[in-house]
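Undergrad: Starting from the known structure of chain A, fit chain B onto it as the hints suggest.
Each chain is listed here by its residues.
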Amino acid sequence: MSASTQAAPTPASPHTTEKTSWIDAVVRAREVSLIGVLAVLVIAVSIAEPRFLNAQNLRDILLNVTIVGLLAVGQTIVVITRNIDLSVGSILGISAFATGIMFADHNVPIPLVFLGGILFGAFFGLINGVMVAWARVPSLVITLGTLYVIRGLDFAWAEGRQINAADMPDGFLSLATTEVLGFPVLPIFTIAAMVLVGVALGRSRMGRELYAIGSNPDAAVLAGIRVSRRVLGAFVASGAIAGLAGVLYASRYGTLDAVAGTGIELAAVSAVVVGGVAIFGGSGTVWGAALGALLLTTIRSALVILQIDPFWDQAIQGALLLAAIGLDAYLAMRLARELRKRRSANRV
Amino acid sequence: MAIRNKAFAALALTSLLGVAACGSTKEDTQKEAAATPAATEEGGAAAGGGEIKEGLKIAFLPKQINNPYFTISDKGGEDAVNAVKGEYKRVGPSDTAASSQVSYINTLTTQKQDAIVISANDANAVVPALQKAKAAGIKVVTYDSDTAPEGRDLFINQAAAEDLGRSQVQLLAKQIGPEGGEIAILSATPNATNQNTWIEFMEDELKKPEYSKFKLVKIAYGNDDDQKSFEETQGLLQAYPDLKGIISPTTVGIAAAARYLQGSDAKGKVKLTGLGTPNQLRDFVKDGTIEGFELWDPGKLGYLAGYAAAALASGTITGAEGEKFTAGDLGEREVGKNGEVLLGPPTVFDANNIDDFDF
Numbered sequence: 001m002s003a004s005t006q007a008a009p010t011p012a013s014p015h016t017t018e019k020t021s022w023i024d025a026v027v028r029a030r031e032v033s034l035i036g037v038l039a040v041l042v043i044a045v046s047i048a049e050p051r052f053l054n055a056q057n058l059r060d061i062l063l064n065v066t067i068v069g070l071l072a073v074g075q076t077i078v079v080i081t082r083n084i085d086l087s088v089g090s091i092l093g094i095s096a097f098a099t100g101i102m103f104a105d106h107n108v109p110i111p112l113v114f115l116g117g118i119l120f121g122a123f124f125g126l127i128n129g130v131m132v133a134w135a136r137v138p139s140l141v142i143t144l145g146t147l148y149v150i151r152g153l154d155f156a157w158a159e160g161r162q163i164n165a166a167d168m169p170d171g172f173l174s175l176a177t178t179e180v181l182g183f184p185v186l187p188i189f190t191i192a193a194m195v196l197v198g199v200a201l202g203r204s205r206m207g208r209e210l211y212a213i214g215s216n217p218d219a220a221v222l223a224g225i226r227v228s229r230r231v232l233g234a235f236v237a238s239g240a241i242a243g244l245a246g247v248l249y250a251s252r253y254g255t256l257d258a259v260a261g262t263g264i265e266l267a268a269v270s271a272v273v274v275g276g277v278a279i280f281g282g283s284g285t286v287w288g289a290a291l292g293a294l295l296l297t298t299i300r301s302a303l304v305i306l307q308i309d310p311f312w313d314q315a316i317q318g319a320l321l322l323a324a325i326g327l328d329a330y331l332a333m334r335l336a337r338e339l340r341k342r343r344s345a346n347r348v
Numbered sequence: 349m350a351i352r353n354k355a356f357a358a359l360a361l362t363s364l365l366g367v368a369a370c371g372s373t374k375e376d377t378q379k380e381a382a383a384t385p386a387a388t389e390e391g392g393a394a395a396g397g398g399e400i401k402e403g404l405k406i407a408f409l410p411k412q413i414n415n416p417y418f419t420i421s422d423k424g425g426e427d428a429v430n431a432v433k434g435e436y437k438r439v440g441p442s443d444t445a446a447s448s449q450v451s452y453i454n455t456l457t458t459q460k461q462d463a464i465v466i467s468a469n470d471a472n473a474v475v476p477a478l479q480k481a482k483a484a485g486i487k488v489v490t491y492d493s494d495t496a497p498e499g500r501d502l503f504i505n506q507a508a509a510e511d512l513g514r515s516q517v518q519l520l521a522k523q524i525g526p527e528g529g530e531i532a533i534l535s536a537t538p539n540a541t542n543q544n545t546w547i548e549f550m551e552d553e554l555k556k557p558e559y560s561k562f563k564l565v566k567i568a569y570g571n572d573d574d575q576k577s578f579e580e581t582q583g584l585l586q587a588y589p590d591l592k593g594i595i596s597p598t599t600v601g602i603a604a605a606a607r608y609l610q611g612s613d614a615k616g617k618v619k620l621t622g623l624g625t626p627n628q629l630r631d632f633v634k635d636g637t638i639e640g641f642e643l644w645d646p647g648k649l650g651y652l653a654g655y656a657a658a659a660l661a662s663g664t665i666t667g668a669e670g671e672k673f674t675a676g677d678l679g680e681r682e683v684g685k686n687g688e689v690l691l692g693p694p695t696v697f698d699a700n701n702i703d704d705f706d707f
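Order-wise, the sequence lines are chains A and B. Under the numbering used here, the first residue of the first sequence is numbered 1, with each subsequent residue one higher. Under the numbering used here, the first residue of the second sequence is numbered 349, with each subsequent residue one higher.
The hints are simulated quantities; they were obtained by calculation from the structure and are not laboratory data. The C-beta atom is built at its ideal place from N, Cα and C for all residues, glycine as well. Each statement offered as a hint is correct.
Covered stretches of chain B, as calculated for chain A (at least 3 residues, CB under 8 Å): (1) 414 to 422; (2) 564 to 573; (3) 576 to 582; (4) 610 to 616.
Partial list, computed: chain A residues near chain B (C-beta under 8 Å): (5) Asn64; (6) Gln162; (7) Val259.
Next comes chain A alone, as it looks inside the complex (with noise of 0.2 Å):
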């Protein structure tokens, strides 16, 4: 899973040949085994239904990724600092709750509606990260914990009740079937956090400090990181995702009730380490993240279209799951063997 060494970039060196700076591109970029692996995924399933590869389908697919996508976006934040937020679920469905509320019950306009979704759920983020950071309990333990809270404070508020499509403004529910040259809106918001956080992580001496975290709390400290402070941040900014994906989620099903993205915490983290981003810190990118929610979720979509039975649909579903990873990670492993043969064949 390490293959992907994000945190520590080889310089290129002067001596090697245009082969080799090829294979090191990708062993670097594990993100393209992960598109091989989308390919041949996709290609196998248009051969069997070639319906599968229709306009309205791959849109569908689109809308499918945007929430888990988002969230798995604001996982990975947390994951590189060797932490995990298994809260995300409970934040989405209690932001939902509210955006529905702000709707049905106090008329709020749709950007401030945005605005509570997204500060509603970075609140949550900060009660997590507060005892993360400060606690020093795992965040495993911690967000387990908020996991129920925050599902039972959603049960306690809504005391069964049900927000309807007929709750909310027409301008806020039709964000989900709207379209822009053909390209559905929705996904458009999980494509601009997955570039801002990418862009963040990747180049903001911030963001760099959050893969030190991950790599090695204990030097992070000592190279005078606040270690504290940044992973107060990355929960704040996980569960601030959350929220924005609970918005969303209202737009998208325009029914809601307590149970909203009950389970969602799992499909994340599976995208995240389908994805490539270690689990034990360190490294991998919003990039593989998002690609590791689209791989899921156009499986899911593929078994739906190969009429696969529905007793036997779970069961298909892991087994592909595993398949993708041990292909992804034999494809991994065979490039960075050769790199390896390679470099100690230009080093004599």
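TA: Chain B in isolation, oriented as in the chain A frame:
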């Protein structure tokens, strides 16, 4: 490394908690066994009276405590319990796993409720716990989803499964018109008892000669999950470009399918019907995504169940066929075969009448 160890500790802690939870369940069972003789005596004394008693403790145990459908039905139940001056209580799980209701039944048994009104997540998983409750003198009424008959005294049936199954096919056939075509069903989970029974009657109805031009091409399962139901609807339209209609006999499924159709080219072309609540589908009926759908009134279902529980706990009925009891505004009801009480035929909601309903 430190992190890894901590993570391990966390897992160990979680599993310990799991073990502790099992332990407490067992304890409940033992306590309850100890309490049994006393409770039975009380139950024996109760039988024979003709009037509904005051102060009866009646507990509602829905499939899922947060499910809006049960919020409405149990509100009806609360009204009934208040009307007979009883003590209303509502508990339940937040997930629909087969065994999730068992611990609630055990707790209610220990608390010596007079009656438990339950909608079973699984027809068999709750039976042993309910039998223990019955042995302790507690009356058991099922509503919405029945258990095996040995687990309860009465079942309040929202609508005969046969009526519901057949009428949904009739509703869709009327919307599509005589030329017929391919239709599909979007159900809840593959194991859902209610839906599977209705689907059997739908398939049987489709065998009639007047539906010879209709063809059921697929039964898809949305698992009562918004996202999954959404994706399954996409899949149906992809896989069957000539699809003429979808029946979704579940409130989550029909809303998700409507939301998908609303934003797709198939809106109005692919007819959608099934079971849903008026509030949930109002928007879709008004914009033409759905022409009409049906449901019983869940509030009345809970109301009837509340009265039935009070009558049983007061000893005015025992659950035998032919017995009669008064259910407030609903008037007199008779116990039918297999201890079933029928609520009545479903209501069809369309653009003309949907604004008369608020649930």
